[in-house]
Each structure stands twice: as structure tokens, then as C-alpha cells.
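Colleague: With chain F's structure known, arrange chain Y on it following the hints.
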Amino acid sequence: MTDIDAVLSSKPISPSREMGAYEALWAHQKTTFKTIADCFRNSPDAMPSELVSEDEIDTALSKVLDEVARTRIQDFGVRVHGSEDYPDRLRDAAHPIELLYYRGWWDLIDSPKRIAVVGSRSVSEEGIRRTRRLVKLLVQDGYTIVSGLAKGVDTAAHTTAIENGGNTIAVIGTPITEYYPPENKGLQDLIAEKFLLVSQVPIWRYAQQDYRSNRLFFPERNATMSAVAQATVIVEASDTSGTLAQARAALQQGRKLFILDNCFRNPKLTWPARFQEQGAIRVTGIEDIKAALG
Amino acid sequence: MAKRILKIDALTLPDHHYLDAQDICYYAGEYTAGEGHAYSETNQLIHNFKKTVDKRGTAQWQYKERAILQAANIFRAAIKADAQITFAPIPPSKARSDPMYDDRMLRMLQFVCKGRPTDIRELVVQTKSAAAAHLSESRPRPDDLIANYVLDESLAEPMPSTIFVVDDVLTTGCHFKAVKRVLQQRFPDANIVGLFIARRAPKSVDLDFDILE
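Chains F and Y are the protein sequences, given in the same order. Here the first sequence is numbered in this note's numbering, starting from 1 and rising by one per residue. Here the second sequence is numbered in this note's numbering, starting from 295 and rising by one per residue.
In isolation and in its complexed conformation, chain F is listed as follows (with noise of 0.2 angstroms):
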């Protein structure tokens, strides 16, 4: 049998071996997501699988579906840069990813209104109210809401979203084969069931090295989850919170950036003026962030 590939114009796709490779490449030493992003800066038209050779995908194949296994995931996919559902606006990332994880319903990924709502894990009472009636609203007008599955603000805008019969996305900072916080497993489920979970950490890498290296990708995945949405709100967040990770990525992005006014009345906090002055938009409530927009 000839190699009926040599009839299309570039090699097609095969899911399961971009993923081996895209892990193969993360098995590298010093890898980050800048130094795979550099790679593809350097080769633009390549697939993952251009760039390792054939045995480092194999290996790193089978110790992925050893950890899927391990975890009994069965309802996974993934979304690779170059085929037709891979959404463009991910190239807006500083460091665009090349492959995605998910589980659930990839179709919400393209709902026409995405918000991000964010904030501290560690947030006060009134933060949790604000996020609350925030996402309600939100969800009466239509958006889709994008957040990161941590504690705290996270968690109160995707149950918020689902108690209001709305739709949310999961952007989260661990693999898919992973739950973090734990008390949040049943909320994961949940999402990768009913909703759309995303992630882009791998999981062999991630299985193999211990929490402090993993926690980095905590940070790293904000910015995925603000190009995935038209704009983010931060509901609250201290002077060192990782949620200013997604404020920078969102500005540098072009997406609009919404603080809530709270923040701005918080004497101790230095970030919202810093933020303001670069572009984002101060706001009392849905009116202000319907209005800007459009």
C-alpha cells in the first residue's frame, strides 16, 4: 500500500501523536511555555511532532495513557494549533500554546459572549457577594463565564454561573488528570460533564516533578484563559496575587480589563492605579461593562 498521506498537501493530524510530542517536548530540560513558543516562532508551519523524533513520542505516548489510565478520564480531547478548531485568538497569548486539553463541550469554547471573572483564592466575604451578583448578571445577559476553578472568587463565579442556569468555561492550572484544590473535584467533574474544562499543562511533565515546580503553572494558564475570553474582571485581589498574572496577560492582549471600583477604594493596594493607567477600566457594575463593550 502506498502512503496515501503524500496526496494532501501537509502531513495531516493525528491527535494522539501531537500529544506525545507535545509532552515529548516538555520532557526537555529548562522547557517553558516562552522556550516551546520560541521553537514555533522559529517554525511556524510545524506540528509537535516535526520538532521530536519518533521515539520520544512513543515513550512519552505511553506515559501519558498510563496517568489517563490511572485516572480513569475516558471523555478526553485535545485541540491542536494549525487544524481547523483551534481558535485563532489563542495566538494572542505572549506565549501561544500549540496544544489543549480538554473535556466537555468543546462548542463553548466559540460562544459569542465570553467573560472572564477572577480573583483572589483568599477572598473576604464581600468579594464572594460581589462575585455573585457580578455573575448573575452576567449570566442574564447572555455571557459565558471563564474562570480559573480555584478557591475562592473562581469557584464563586462558575457555581454561580451554573446555579443561574448559565454556561462556564474552566481554564485550570493543573492537568487534566489532576484536582486542585481537591474539594473542588466534584466542581471539576461537574464542568468537564456538563460545561468545558481546558488546560494546557502537561501531564507527564507535571506527574513527574513535585508541587514547586508544578504551582508555576498556575500563573502561566491565566493567560490562556484571558484570550479565551473577550475581557476579564477582577473582582479583588492583594498586591501579590497570581490574579494579577491574567491582568497583565488581558492588557497585553488587547482584551479590555475591568476592575472592580472596591479595589480602587482599598488604601493598601497599589496595583489598581498601576493597571488603570495602562488601560484597564475602572467599574461599579454590569452597566460599565456593557457600555464598554459596545
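It should be emphasised that the hints constitute simulated quantities derived from the structure, not laboratory data. Just so it is clear, CB atoms sit at the ideal spot from N, CA and C, and this is done for glycine as well.
Label pairs and their in silico Cβ distance ranges:
id: 1; chain 1: F; residue 1: D3; chain 2: Y; residue 2: A296; range: 17 to 25 angstroms
id: 2; chain 1: F; residue 1: D45; chain 2: Y; residue 2: W355; range: 30 to 38 angstroms
id: 3; chain 1: F; residue 1: T270; chain 2: Y; residue 2: F405; range: 58 to 66 angstroms
id: 4; chain 1: F; residue 1: S9; chain 2: Y; residue 2: R401; range: 21 to 29 angstroms
id: 5; chain 1: Y; residue 1: P452; chain 2: F; residue 2: D75; range: 44 to 52 angstroms
id: 6; chain 1: F; residue 1: R215; chain 2: Y; residue 2: Q478; range: 52 to 60 angstroms
id: 7; chain 1: Y; residue 1: Q354; chain 2: F; residue 2: N164; range: 31 to 39 angstroms
Dumping the calculated SDA-like pairs for lysine to any residue here, alpha-carbon to alpha-carbon at most 25 angstroms:
id: 8; chain 1: F; residue 1: K11; chain 2: Y; residue 2: I318
id: 9; chain 1: F; residue 1: K11; chain 2: Y; residue 2: C407
id: 10; chain 1: Y; residue 1: K497; chain 2: F; residue 2: S16
id: 11; chain 1: F; residue 1: K11; chain 2: Y; residue 2: L363
id: 12; chain 1: Y; residue 1: K297; chain 2: F; residue 2: F76
id: 13; chain 1: F; residue 1: K11; chain 2: Y; residue 2: G409
Residues from chain F that keep clear of chain Y, each with C-beta distances beyond 12 angstroms, as calculated:
id: 14; residue: K34
id: 15; residue: T59
id: 16; residue: E67
id: 17; residue: R72
id: 18; residue: H95
id: 19; residue: G186
id: 20; residue: D210
id: 21; residue: N214
id: 22; residue: G242
id: 23; residue: Q252
id: 24; residue: A273
id: 25; residue: A292
Modeller: For chain Y alone, kept in the frame of chain F given last:
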């Protein structure tokens, strides 16, 4: 650079019941529509492509025309301009004499072949109309379909060497498998592969294609 098409592999094979690891099937996107939503471009493309012919003359028809062109452009970009391929559409669910007969696939392939050495042959034809797979209650097996298929001998020459069996959505792989078997019997030396606009992701919902208008 044009987007690449995908190939059914170990990750996606279990979603298509009648396919086995020897089957080669290409697809451009995934059909992932849910209950009441079909937002992605692939989902929109499939919905518009599949609009039934009784919409002809309504405002919706332009979306179907556009979808036919869009799908054709995807395939034109995916296939080398000098490739020698015979396209064999999977027989539509309605016979030509049926008022609901839809020639969307044929017209799409005509755009694909414009100015190219590829040809289109309706090599496998159906002896009677069947209910469209996505509307039908009973799910047939490949053998049930083969019983209703015949090879059109008038189109068998010249002997095709590479045949792309074409359909809009790959679901169980039943129709592909049935057509492939009929073709293999007549052309045992040909390469026979599948080409689809989309593969259906397992959880997706076969919507009534009009509720999202």
C-alpha cells in the same frame, strides 16, 4: 499557511464504532454541538451544509450555498493540486427522483475538482431511498446498507487507483464501511480512504437543524 486536516487515530477511533485501525479517515473538524448550542465554525458549517432542500428559495439558503463553498475550499487546500484522486460520494439518503434529494455533496466536490485532475464518480448507488441517518430511529449495520447498494458499472473505467469516499459527518462509520466494501470488491488494488468535513464527537447532539436559526 492553510489549516491541516486530521486523521482518525488511536485517540478518536473508539468514537466510531464500525471503523478499525486499518481504516484511513481524514476530517477537517469536530462536530461538537450541544443541546441548544452550535457556536463553533465547524458546527455552524455542518448545520448550514445539511440544511434540507425545502429551504431552497428562503433567506436561509444562502448559508447552505456558502457552506458548500467553504467545505470545498477546505478540501481544495488540503489536497495537492496535482493529486490523482477519484471522489466517490456516499449515496445520499434520498434517491435522485425524491423531491428531498440533496446534491450538496456533488456540488461541493465539483468545486473541489475545478481545474484539477481529480474526478467525481457516483460509483456506489442506492437502490431505494432510506431515512437520513440523523433522522432515522433504527441504526443500520454495514451489511444492511450493502444489501441496498450496487456498483454502477458504467463508471468503473478507467480503473480508479485512489478513491476518497466522501461524506459530511463521520458518525459510526457505518456508511463509509459499507461503501468501502462494495468498492473493494470491484477494485481490489485501489487505495480507499474516507474524507469528511467533520467527525462527530461522542457527546454531541444531533440537533434539529432549524432550531438554531
